[in-house]
Amino acid sequence: MLHRFLARVTRTFQPRPSNLVLRRVPRNSRTKGPLTLAFFSSTATSMGSDSNDNGVVCENGVCHIDFSKRRKAQPASSSTSDIPSRVEDTIASNRVVIYSKTYCPYCDKAKALFTSKGVDFVTIELDNVQDGEAMHGYLKEKTAQTTVPNIFVSKKHVGGFTDLRELEENGELQTLLSA
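Under full-length UniProt numbering, residues 1 to 179 are what the sequence shown spells out, in order.
Simulated from the structure, these hints should not be mistaken for laboratory data.
Fair warning: this is a prediction, and the values are worked out from it, not measured in the lab.
Any given hint could be a false lead.
Straight-line distance between alpha carbons at most 20 angstroms, and here's what the computed PhoX-like set of lysine-lysine pairs gives [what the hints assert, rightly or not]:
(1) LYS142 to LYS155
(2) LYS111 to LYS156
(3) LYS101 to LYS111
(4) LYS117 to LYS155
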């Protein structure tokens, strides 16, 4: 929850406020859960009252997620039966594919590893694409891996970042990339 909140806040304020202070806010009639996380910033104060499509609402220098204003999941652009073929086509037509989420630090580490090796890769940010949840569900069925990053090299599922790092350390990653 905290990662998602901070991701929404930092997308809301660009450049990122340097004086970000995270505090627990007492529950009131507007909060929907037992804990509300908010940040206090002079950037938010200068904005007065504002809200955006991420569900982040700022009033008098305090920003919080208003769950009643959060975007509802968009309807799928294609039928669920198209998901397997879209995932398989992506894997088949690219040397390296990383199924990722924008707030995931291990996803960032995997991308950095490939970037440092000069390897081109395709990233599918499951939290930013339509049908991302359905794609993640299909990947869980296909690989039995429930986490991201979900990495494929030369059409082979290699696992997550820890698995990728092990392949790199024992030299097997280069062999896979050469295939």
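Outcome of the hint check:
{"no.": "1", "hint": "LYS142 to LYS155", "verdict": "13 angstroms, holds"}
{"no.": "2", "hint": "LYS111 to LYS156", "verdict": "17 angstroms, holds"}
{"no.": "3", "hint": "LYS101 to LYS111", "verdict": "12 angstroms, holds"}
{"no.": "4", "hint": "LYS117 to LYS155", "verdict": "19 angstroms, holds"}
The structure fails none of the hints (numbered hints given earlier).
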